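Colleague: The lines below spell out each chain.
4 protein chains.
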Amino acid sequence: MNPQLIQECIDACLACLAACEHCASACLDEPDIDMMRGCIRLDRDCADACAFTARLLMRGSALHPRACALCAEACAACAEECEKHAAHHDHCRRCAEACRACEAACRRLVA
Amino acid sequence: MNPQLIQECIDACLACLAACEHCASACLDEPDIDMMRGCIRLDRDCADACAFTARLLMRGSALHPRACALCAEACAACAEECEKHAAHHDHCRRCAEACRACEAACRRLVA
Amino acid sequence: MNPQLIQECIDACLACLAACEHCASACLDEPDIDMMRGCIRLDRDCADACAFTARLLMRGSALHPRACALCAEACAACAEECEKHAAHHDHCRRCAEACRACEAACRRLVA
Amino acid sequence: MNPQLIQECIDACLACLAACEHCASACLDEPDIDMMRGCIRLDRDCADACAFTARLLMRGSALHPRACALCAEACAACAEECEKHAAHHDHCRRCAEACRACEAACRRLVA
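Protein chains in written order, with my numbering: chain A, 1 to 111; chain B, 1 to 111; chain C, 1 to 111; chain D, 1 to 111.
Simulated from the structure, these hints should not be mistaken for laboratory data.
Predicted model, so just to flag it, every value in this text is computed and none were measured.
Watch out, some of these pointers could steer you wrong.
[Said to hold, decoys possible] Each computed SDA-like pair below joins lysine to any residue, with the alpha-carbon atoms no more than 25 angstroms apart:
| hint | chain 1 | residue 1 | chain 2 | residue 2 |
| --- | --- | --- | --- | --- |
| 1 | A | Lys84 | B | Asp29 |
| 2 | D | Lys84 | C | Asp29 |
| 3 | B | Lys84 | A | Met35 |
| 4 | C | Lys84 | D | Asp34 |
| 5 | C | Lys84 | A | Ala62 |
| 6 | C | Lys84 | D | Ile33 |
| 7 | B | Lys84 | A | Arg37 |
| 8 | D | Lys84 | C | Asp34 |
| 9 | A | Lys84 | B | Leu28 |
| 10 | D | Lys84 | C | Pro31 |
| 11 | C | Lys84 | D | Pro31 |
| 12 | B | Lys84 | A | Asp32 |
| 13 | C | Lys84 | D | Glu30 |
| 14 | A | Lys84 | B | Arg37 |
| 15 | D | Lys84 | C | Lys84 |
| 16 | C | Lys84 | A | Gln7 |
| 17 | C | Lys84 | D | Met35 |
| 18 | D | Lys84 | D | Ala62 |
| 19 | D | Lys84 | C | Glu30 |
| 20 | A | Lys84 | C | Ala62 |
| 21 | C | Lys84 | D | Asp32 |
| 22 | B | Lys84 | D | Ala62 |
| 23 | A | Lys84 | B | Asp34 |
| 24 | A | Lys84 | B | Ser25 |
| 25 | B | Lys84 | A | Ala62 |
For reference, chain A alone in the conformation it holds in the complex (with noise of 0.2 angstroms):
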């Protein structure tokens, strides 16, 4: 385990659990909700692999593997619907930025 990786991971996955929550909360507040359902439904599922997986990667966890694949499947699909919204919601461009970002860190965590 390479200290710096891991804790480059950890910042990447906090950064996006925070960006996923506001995402989610200003998603419910929008005029077109109808076109958000989507971001809302990923957005919850990072959110809780970006926690479960910083969390594992804190205590040392040889799960963290594994965690940091689930971790980057999340953040992926997540990142993949907030791009559709990131013109118009500026929330939706910073989470998918935020998901990209963590994405790359988990998959350095993989291999």
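We have chain A; now place chains B, C and D onto it with these hints.
Modeller: Leaving out everything else, chains B, C and D in the frame of chain A:
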């Protein structure tokens, strides 16, 4: 600590967690999602409060009376909102019932 | 998705969550805590994996097969450790059983 | 809600979460684990309370003042125990500091 009250509260928290997770997802599929914003929001908080409280109870934490007090508040708020939609959405009716049962079980462990 | 297999897996995850939370706390009370280090460590990871997976299943998340695969791994690792102590500690014996049941229920949702 | 106090509290909760997860794992590796039982136990509760509270704050939940009150209690209890071991274990010293900082940040959001 009365073991029977503890077990009943764990069961009520887990039933409420399941009802809230299901209700949030079902609300995200409803044609009238515009009306369900508050419900989705409160389902999310209530689910997290129930999961947190159930785990403290399972592990015999000294923090459980405070968690039960908070969980009862979260359940009451979610039930109040779900009850508004109970006539139209079966998932809201069932969620409101699970929230009220969990609120009662939690309150028995606060006093 | 087969609703009966989903429900059985949710139930198995929640039973395993309860067993792991209880086992960790009970291990922390054991006179031979020196022998229980690995058990406490794995109980913690397994409890988190079970809670995470149960919630994804409850909400009908598309991420659930990956979570079930990860949860099965966490359960297998925890069961293997708890089985070493099953003859001496009833909480470990019951935890190992709950882990094996959850591992099996999760594997049915991976394939 | 004061956005700066909210952000400071989120940051304090996440720093405390990381310190508690690390401290619990480090305690599980200590030769004098017999002395660290209470520390591991309280680290676990405090980590869960911090994660729960941080997420409510991130999503702008109305439940956050109650969560902050509970989190402050969890932090105070964990700090008190960790401070007993601060002279011998660096992870306990750092955990106690993170707990006290988080307790203070949470209390600012209760009143």
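Colleague: Decide, hint by hint, whether the structure agrees.
Modeller: Outcome of the hint check:
Distance check on the hinted pair: lysine 84 (chain A) and aspartate 29 (chain B) sit about 19 angstroms apart at the alpha-carbon level, within 25 angstroms; holds. Proposed proximity of lysine 84 (chain D) and aspartate 29 (chain C) is supported: the alpha carbons are some 19 angstroms apart, at most 25 angstroms. Among the hinted pairs, lysine 84 (chain B) with methionine 35 (chain A) is consistent with the structure: their alpha-carbon atoms are about 24 angstroms apart, no more than 25 angstroms. Between lysine 84 (chain C) and aspartate 34 (chain D) the alpha-carbon distance is near 20 angstroms, which keeps this suggested pair within the 25 angstroms criterion.
The straight-line distance between the Cα atoms of lysine 84 (chain C) and alanine 62 (chain A) is roughly 19 angstroms, inside the 25 angstroms bound, and the hint therefore holds. Distance check on the hinted pair: lysine 84 (chain C) and isoleucine 33 (chain D) sit about 20 angstroms apart at the alpha-carbon level, within 25 angstroms; holds. For the given pair, lysine 84 (chain B) sits about 21 angstroms from arginine 37 (chain A) by alpha-carbon distance, which is consistent with the 25 angstroms threshold. At roughly 20 angstroms between alpha-carbon atoms, lysine 84 (chain D) and aspartate 34 (chain C) fall within 25 angstroms of each other, so this suggested pair holds.
A C-alpha spacing of about 18 angstroms is found between lysine 84 (chain A) and leucine 28 (chain B), which places the hinted pair at or below 25 angstroms, so the restraint holds. At roughly 21 angstroms between alpha-carbon atoms, lysine 84 (chain D) and proline 31 (chain C) fall within 25 angstroms of each other, so this suggested pair holds. For the hint pairing lysine 84 (chain C) with proline 31 (chain D), the CA-to-CA distance comes to about 21 angstroms; that is within 25 angstroms, so the pair holds. For a cut-off of 25 angstroms, the pair hint linking lysine 84 (chain B) to aspartate 32 (chain A) stands: about 22 angstroms separates their Cα positions.
At roughly 21 angstroms between alpha-carbon atoms, lysine 84 (chain C) and glutamate 30 (chain D) fall within 25 angstroms of each other, so this suggested pair holds. With a C-alpha separation of about 21 angstroms, the suggested pair lysine 84 (chain A) and arginine 37 (chain B) falls inside the 25 angstroms cut-off, and the hint holds. Of the pairs offered as hints, the one joining lysine 84 (chain D) and lysine 84 (chain C) is violated, with about 33 angstroms between alpha carbons and a cut-off of 25 angstroms exceeded. For the suggested pair lysine 84 (chain C) and glutamine 7 (chain A), the alpha carbons sit about 34 angstroms apart, so the restraint of at most 25 angstroms is broken.
Restraint check for lysine 84 (chain C) and methionine 35 (chain D): the C-alpha separation of about 24 angstroms stays at or below 25 angstroms, so the hint holds. Taken as a hint, the lysine 84 (chain D) and alanine 62 (chain D) pair is broken in the structure, with Cα atoms around 36 angstroms apart against an allowance of 25 angstroms. Proximity of lysine 84 (chain D) to glutamate 30 (chain C) is assessed by CA-CA distance (about 21 angstroms); at most 25 angstroms being required, the pair is judged to hold. At most 25 angstroms may separate the alpha-carbon atoms for a hinted pair to count; lysine 84 (chain A) and alanine 62 (chain C) meet this at roughly 19 angstroms.
The straight-line distance between the Cα atoms of lysine 84 (chain C) and aspartate 32 (chain D) is roughly 22 angstroms, inside the 25 angstroms bound, and the hint therefore holds. Taken as a hint, the lysine 84 (chain B) and alanine 62 (chain D) pair is honoured in the structure, with Cα atoms around 19 angstroms apart against an allowance of 25 angstroms. Of the pairs offered as hints, the one joining lysine 84 (chain A) and aspartate 34 (chain B) holds, with about 20 angstroms between alpha carbons and a cut-off of 25 angstroms not exceeded. In summary, the hint linking lysine 84 (chain A) to serine 25 (chain B) is supported, as the alpha carbons are separated by about 21 angstroms, within the 25 angstroms threshold.
Between lysine 84 (chain B) and alanine 62 (chain A) the CA atoms are separated by roughly 46 angstroms; this puts the pair beyond 25 angstroms, and the hint is violated.
Consistency note: the structure conflicts with the earlier hints numbered 15, 16, 18, 25.
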